[in-house]
Amino acid sequence: MLKGAIFDMDGLMFDTEQIWQKNWNLIADEMGIKLADEFKYAICGTSGRLMDEVCEKYYGVADGSVVSSKVKQRVHDDLIEFTPEKPGIHEILDFFEANGVKMAVASSSAEEVIRRNLKNTNTEKYISAVVSGIGMPNGKPAPDIFLKAAAMLELDPKDCYVFEDAFNGVTAGYRAGCRTIMIPDMSQPTDEIRAMATGGVYESLLAAIEGLKEE
344 MLKGAIFDMD GLMFDTEQIW QKNWNLIADE MGIKLADEFK YAICGTSGRL MDEVCEKYYG
404 VADGSVVSSK VKQRVHDDLI EFTPEKPGIH EILDFFEANG VKMAVASSSA EEVIRRNLKN
464 TNTEKYISAV VSGIGMPNGK PAPDIFLKAA AMLELDPKDC YVFEDAFNGV TAGYRAGCRT
524 IMIPDMSQPT DEIRAMATGG VYESLLAAIE GLKEE
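Adding 343 to a residue's 1-based position in the sequence shown gives its number in my numbering.
Keep in mind the hints are simulated off the structure, nothing from the lab. Predicted model, so just to flag it, every value in this text is computed and none were measured. Cβ atoms here follow ideal geometry from the backbone N, Cα and C, with glycine treated the same way. Treat the hints with care, as some may be off.
Simulated crosslink set (DSS-like; lysine-lysine; CA at most 30 Å straight-line) [to be verified]:
hint : residue 1 : residue 2
1    : 365       : 346
2    : 383       : 415
3    : 556       : 346
With beta-carbon atoms standing in for the labels, derived distance ranges [claimed, not checked]:
hint : residue 1 : residue 2 : range
4    : 454       : 396       : 14 to 24 Å
5    : 421       : 467       : 17 to 27 Å
6    : 550       : 406       : 38 to 48 Å
7    : 556       : 462       : 28 to 38 Å
8    : 543       : 408       : 42 to 52 Å
9    : 374       : 423       : 19 to 29 Å
10   : 369       : 554       : 33 to 43 Å
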C-alpha cells in the first residue's frame, strides 16, 4: 500500500457535482442558452482561467468569469449547511487511517468551501493537507494541484494514490505520476482515460477499498 492518498472533492468525496451542474444550467437558462452535452465533461474539475475559457466557449461570452463567479456563489449558498456525501467516504478514510496512510484533499473549489464541507461531514479530522485550485497557475488537467498536495504530505507523487471522478482530474493525477483511481460520477471512462487510471476504475469508494485490500 502506498503512503499517501489525495482526494478530489466534488463528485468524489461529496455528491456536489450535481449541484454545480444544476447551477451551470440555471445560469444558461437565464441567459437563454442551451448548453451542449459535452459541456459537463469540459467543465468538470476545472478552475481559474481554464474554467473561464470553457464558459466563454459554451456560453458565448467575452469574459467567462462573469458566468463562473455567479455559479460559484450559488453553489456556495447551496452548500452552506448541508453537504451530501458519497457512499463509502467515511469507510475509505477510516481504512487509510488504520493503515497509516496520510491524506489530503486537492479540489478545484475554494479552500473555504473545501474546509466547510469537511467540517459539515465530520471528515476534517482525517485530512492533513488541503489544496485549492483557486490561484493555482495551472488547473486540472495540469498536474500542479496534485504535485502540491504530495509535497504538503511530504511524499513523492509516485507514493500517492489520487482519487478522481472526472476526466480532467484523472489526467492531472496521471501527469503528476500518482497512482490514479477513478470512481466515475458524471461520466464513464473512455479507453484513453481508463489507461490513465493506473490504480483502476471502481464503481464506488467501497469497491475501491476491496481492491486496495488485495494489494
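Evaluated hints:
In summary, the hint linking residue 365 to residue 346 is not supported, as the alpha carbons are separated by about 36 Å, beyond the 30 Å threshold. Our distance criterion of 30 Å between C-alpha atoms is met by residue 383 and residue 415, whose separation comes to about 15 Å. Taking the CA atoms of residue 556 and residue 346, the gap is near 14 Å; set against the 30 Å cutoff, the hint holds. Hint check: residue 454 to residue 396, Cβ distance near 22 Å, so the stated range 14 to 24 Å holds.
As the Cβ distance of residue 421 to residue 467 is approximately 20 Å, the hint placing it in 17 to 27 Å holds. A beta carbon spacing of about 42 Å between residue 550 and residue 406 agrees with the range 38 to 48 Å that was offered as a hint. The beta-carbon spacing between residue 556 and residue 462, approximately 29 Å, falls within the hinted interval of 28 to 38 Å. Checked against the hint of 42 to 52 Å, the C-beta distance between residue 543 and residue 408 comes to roughly 37 Å, which is inconsistent with it.
For the hinted restraint 19 to 29 Å between residue 374 and residue 423, the CB-CB distance of approximately 25 Å keeps it satisfied. Distance hint for residue 369 and residue 554: a CB-CB separation of about 37 Å, consistent with the stated range 33 to 43 Å.
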